[in-house]
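> Sequence:
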Amino acid sequence: IRLAKPSEVDTLVAIEESASAWLRSRGIDPGQPPKPLREIVAQRVREGVVYLALLDGRPAGTLTLLWDPEELWADLPGDAAYVHGLMVHRDVAGRAVGRRMLDWAEAQARAAGKPLLRLDCDARNPALRTYYERAGFASAGEVVLSHRIASRYERRMAEVGGAM
Numbered sequence: 244i245r246l247a248k249p250s251e252v253d254t255l256v257a258i259e260e261s262a263s264a265w266l267r268s269r270g271i272d273p274g275q276p277p278k279p280l281r282e283i284v285a286q287r288v289r290e291g292v293v294y295l296a297l298l299d300g301r302p303a304g305t306l307t308l309l310w311d312p313e314e315l316w317a318d319l320p321g322d323a324a325y326v327h328g329l330m331v332h333r334d335v336a337g338r339a340v341g342r343r344m345l346d347w348a349e350a351q352a353r354a355a356g357k358p359l360l361r362l363d364c365d366a367r368n369p370a371l372r373t374y375y376e377r378a379g380f381a382s383a384g385e386v387v388l389s390h391r392i393a394s395r396y397e398r399r400m401a402e403v404g405g406a407m
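At position 71 of the sequence shown the residue is numbered 314 (this note's numbering), and the sequence of numbers has no breaks.
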């Protein structure tokens, strides 16, 4: 897992489009971004917060790791790192890429001295909510946004301050 490069924006968009198409095929609406997806991804890559997971040297997944709370966490106290946009290319589904990315994000949070790793997902996606719960995340409630209801999750680290 490494920081994504500007030259990889199309690859990152393809991973997200693959994951979104799979969700739609399962009857889950992934929603529409507020502006063109490529523009959003390119901006986050420029900000240095998007990471690319490789499996056997090929792009396998992506996540955004943020250090400041987004709007949907404003009501909860706590020092945390925030995972956003965790996606695995459907070609590598079932190979624990998502779990490894979450563990990597936890290691980054721990190294930064953060006691919590937080993320959210659409409340209408019970499979994803179960996935996060099985990955050790506890429910931190739901929040109503203008375009969806988000289920919030957090995983508390046993100890922080050093690398795993």
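By construction, these hints were calculated from the structure, which means they are not laboratory data. A few of these clues could be false.
[As the list claims (entries may be wrong)] Derived lysine to any residue pairs resembling SDA-like cross-links, with alpha carbons at most 25 Å apart:
#1 Lys357 - Arg399
#2 Lys357 - Arg333
#3 Lys278 - Gly300
#4 Lys248 - Leu319
#5 Lys278 - Ser250
#6 Lys278 - Arg338
#7 Lys357 - Val335
#8 Lys278 - Gly328
#9 Lys248 - Asn368
#10 Lys278 - Gly321
#11 Lys278 - Leu298
#12 Lys248 - Leu280
#13 Lys248 - Asp318
#14 Lys357 - Arg372
#15 Lys278 - Asp299
#16 Lys357 - Lys278
#17 Lys357 - Arg367
#18 Lys357 - Asp318
#19 Lys278 - Asn368
#20 Lys248 - Arg267
#21 Lys357 - Leu319
> So, for every hint listed, does it hold in this structure?
Hint check:
A distance of roughly 9 Å separates the Cα atoms of Lys357 and Arg399; the hinted pair therefore holds under the 25 Å criterion. At most 25 Å may separate the alpha-carbon atoms for a hinted pair to count; Lys357 and Arg333 exceed this at roughly 31 Å. About 31 Å separates the Cα atoms of Lys278 and Gly300, which puts this hinted pair outside 25 Å; it is violated. For the suggested pair Lys248 and Leu319, the alpha carbons sit about 33 Å apart, so the restraint of at most 25 Å is broken.
A C-alpha spacing of about 20 Å is found between Lys278 and Ser250, which places the hinted pair at or below 25 Å, so the restraint holds. This hinted pair does not check out: Lys278 and Arg338 have alpha carbons roughly 32 Å apart, beyond 25 Å. Distance hint between Lys357 and Val335 is unfulfilled; the C-alpha atoms sit about 30 Å from each other, more than 25 Å. For the suggested pair Lys278 and Gly328, the alpha carbons sit about 15 Å apart, so the restraint of at most 25 Å is met.
With a C-alpha separation of about 30 Å, the suggested pairing of Lys248 with Asn368 is violated against the 25 Å cut-off. Distance restraint check for Lys278 and Gly321: the Cα-Cα separation of roughly 30 Å exceeds the 25 Å cut-off, and the hinted pair is therefore not satisfied. A distance of roughly 30 Å separates the Cα atoms of Lys278 and Leu298; the hinted pair therefore is violated under the 25 Å criterion. The straight-line distance between the Cα atoms of Lys248 and Leu280 is roughly 16 Å, inside the 25 Å bound, and the hint therefore holds.
This hinted pair does not check out: Lys248 and Asp318 have alpha carbons roughly 33 Å apart, beyond 25 Å. Restraint check for Lys357 and Arg372: satisfied, since their Cα atoms lie roughly 23 Å apart, inside the 25 Å limit. Among the hinted pairs, Lys278 with Asp299 is inconsistent with the structure: their alpha-carbon atoms are about 33 Å apart, more than 25 Å. A hinted pair counts as satisfied when its Cα atoms are at most 25 Å apart, and Lys357 with Lys278 does not qualify at roughly 31 Å.
Restraint check for Lys357 and Arg367: not satisfied, since their Cα atoms lie roughly 29 Å apart, outside the 25 Å limit. Annotation: proposed proximity of Lys357 to Asp318 holds, straight-line Cα distance about 18 Å (limit 25 Å). Between Lys278 and Asn368, the direct Cα distance comes to roughly 23 Å. Compliance with the 25 Å bound is thereby established for this hinted pair. Between Lys248 and Arg267 the alpha-carbon distance is near 28 Å, which puts this suggested pair outside the 25 Å criterion.
At most 25 Å may separate the alpha-carbon atoms for a hinted pair to count; Lys357 and Leu319 meet this at roughly 15 Å.
Hint compliance for this structure: hints 2, 3, 4, 6, 7, 9, 10, 11, 13, 15, 16, 17 and 20 are not met, and every other hint is.
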